[in-house]
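Construct all of the structure, not just a fragment, from the sequences and the given hints.
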Amino acid sequence: MTAVLRIRTRAAQLALAAATCLATPGAWAVTWVYVSNADSQDVSVFELDRSAAALKPVDTTALGGMAMPMAVSPDKKVLYVALRSQPFRVVSLAIDPASGKLRKLGEAPLADSMANIDTDATGRWLFAASYPGHKITVNSIGKDGAVGAVQQLITTAPNAHAIHADAANRHVFATSLGGDNLSAWRFDAETGKLTANEPAVTTVTPEKAGPRHFVWDKGQRFVYLLNELDASVHVMAYDATRGTLRAVQRTTALPAGFTGKPWAADIHLSPDGRTLYASERTSSTLSSFRIDAATGQLQPLGQVPTEKTPRGFAVDSSGRFLIAAGQESHQVSLHPIDPTTGIPGTPTRVPAGKNPNWVEIVDLP
Numbered sequence: 002m003t004a005v006l007r008i009r010t011r012a013a014q015l016a017l018a019a020a021t022c023l024a025t026p027g028a029w030a031v032t033w034v035y036v037s038n039a040d041s042q043d044v045s046v047f048e049l050d051r052s053a054a055a056l057k058p059v060d061t062t063a064l065g066g067m068a069m070p071m072a073v074s075p076d077k078k079v080l081y082v083a084l085r086s087q088p089f090r091v092v093s094l095a096i097d098p099a100s101g102k103l104r105k106l107g108e109a110p111l112a113d114s115m116a117n118i119d120t121d122a123t124g125r126w127l128f129a130a131s132y133p134g135h136k137i138t139v140n141s142i143g144k145d146g147a148v149g150a151v152q153q154l155i156t157t158a159p160n161a162h163a164i165h166a167d168a169a170n171r172h173v174f175a176t177s178l179g180g181d182n183l184s185a186w187r188f189d190a191e192t193g194k195l196t197a198n199e200p201a202v203t204t205v206t207p208e209k210a211g212p213r214h215f216v217w218d219k220g221q222r223f224v225y226l227l228n229e230l231d232a233s234v235h236v237m238a239y240d241a242t243r244g245t246l247r248a249v250q251r252t253t254a255l256p257a258g259f260t261g262k263p264w265a266a267d268i269h270l271s272p273d274g275r276t277l278y279a280s281e282r283t284s285s286t287l288s289s290f291r292i293d294a295a296t297g298q299l300q301p302l303g304q305v306p307t308e309k310t311p312r313g314f315a316v317d318s319s320g321r322f323l324i325a326a327g328q329e330s331h332q333v334s335l336h337p338i339d340p341t342t343g344i345p346g347t348p349t350r351v352p353a354g355k356n357p358n359w360v361e362i363v364d365l366p
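Residue numbers (my numbering): 2 to 366.
Please note: incorrect hints may appear among the correct ones.
Straight-line distance between alpha carbons at most 20 angstroms, and here's what the computed SDA-like set of lysine to any residue pairs gives [said to hold, decoys possible]:
| # | residue 1 | residue 2 |
| --- | --- | --- |
| 1 | LYS78 | ALA112 |
| 2 | LYS209 | ALA150 |
| 3 | LYS57 | VAL363 |
| 4 | LYS194 | GLN153 |
| 5 | LYS102 | PRO366 |
| 6 | LYS309 | ASP231 |
| 7 | LYS57 | ASP231 |
| 8 | LYS136 | ALA150 |
| 9 | LYS219 | ALA238 |
| 10 | LYS209 | GLN153 |
Computed spacing ranges between beta-carbons, pair by pair [what the hints assert, rightly or not]:
| # | residue 1 | residue 2 | range |
| --- | --- | --- | --- |
| 11 | PRO337 | ALA294 | 23 to 29 angstroms |
| 12 | ARG104 | ALA169 | 31 to 37 angstroms |
| 13 | ALA257 | ALA169 | 22 to 28 angstroms |
| 14 | ARG104 | ARG222 | 36 to 42 angstroms |
| 15 | THR342 | ASP76 | 32 to 38 angstroms |
| 16 | ASP293 | ALA53 | 33 to 39 angstroms |
| 17 | THR341 | GLN152 | 44 to 50 angstroms |
| 18 | PRO366 | THR204 | 41 to 47 angstroms |
What the hints contain is simulated information worked out from the structure, not anything from laboratory work. Values in this document were obtained by computation on a predicted structure and should not be read as measured data. All residues carry an ideal CB built from backbone N, CA and C; glycine is no exception.
The structure is reproduced here in structure tokens:
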């Protein structure tokens with residue numbers, strides 16, 4: 002092989018390698034982690050250094066209110082934080098891609114104290130669910146990414162807790178923890194309006210299970226629902242065309258021999274869709290479940306200890322790390338995830354603010 006040919010071949014190999022890296026999720030990307038702290042009324046900013054398996058403190062952004070549920074805009078340019086102290090409002094914060102730091106874009110009123118917020122797929126609308134107010138709402142979002150006024154308010158069964166749109170952005174579901182159901186809504190992304198689906202409600206059994214948080218699988222074939230009051234996990238088959246749910250399986254996020262009062266909190270899937278995780282606050286544990294790809298059903302893999310009272314957690318886009326916030330420890334745990342079993346390992350811990358309760362992870366190029 003001639004020298005020129007060797008050089009050209011090597012250049013082609015390097016180009017291919019670079020293209021492969023760029024096409025790989027998370028490659029050549031910086032990852033910022035945001036943790037809302039209710040009692041210190043701020044957001045902690047960390048950098049996730051995957052190579053060092055470390056969370057590195059970056060900044061703290063004061064908000065002047067009880068910072069709790071958060072959401073990220075679809076374009077990853079804006080972080081939204083709901084404040085659950087008077088006056089109830091949502092703060093829109095621009096994310097600096099270079100530093101991860103946050104810059105306030107504005108504030109907008111919320112109709113009540115909101116347990117959960119999320120955007121629709123277009124990034125033009127903000128959904129919110131109020132636990133004490135028994136309602137769901139829709140706020141507009143401006144072209145600059147800042148949340149605007151409330152556009153719609155709907156009274157629900159007691160203790161609305163979570164609200165999300167499906168991947169098609171055509172149907173929206175909201176949990177009622179006190180009413181043991183999920184309400185189903187048709188969504189018009191042009192007007193931001195919700196109208197009742199048929200059927201309008203899916204009942205969750207047994208009574209007083211307390212539906213709290215839920216996630217869809219990537220294929221939009223199943224919904225995984227965590228119930229707060231008995232720590233059960235429901236698998237529901239999802240009909241994306243009709244926007245309807247059907248119960249398939251019920252299991253538990255409680256450790257064997259548990260004798261306390263269940264207090265389940267959060268639920269998330271691994272990026273590859275093979276593992277489901279749930280947190281339980283009384284035992285301060287994370288449960289893992291293997292997902293059957295064909296049936297969507299769950300095989301419990303057991304529990305691991307985490308931060309005290311793990312209200313919120315998130316799984317990073319590589320599937321290598323789980324980050325859990327401890328409300329009573331005022332710390333955050335970075336758990337490495339075993340690539341074979343999917344089970345979180347022994348964590349490293351870093352201080353957060355007071356009463357950390359929500360975690361959002363943002364990958365940026």
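Which hints, by number, does the structure contradict? Violated hints (numbers, rising): 1, 2, 7, 10 and 13; every other hint is consistent with the structure.
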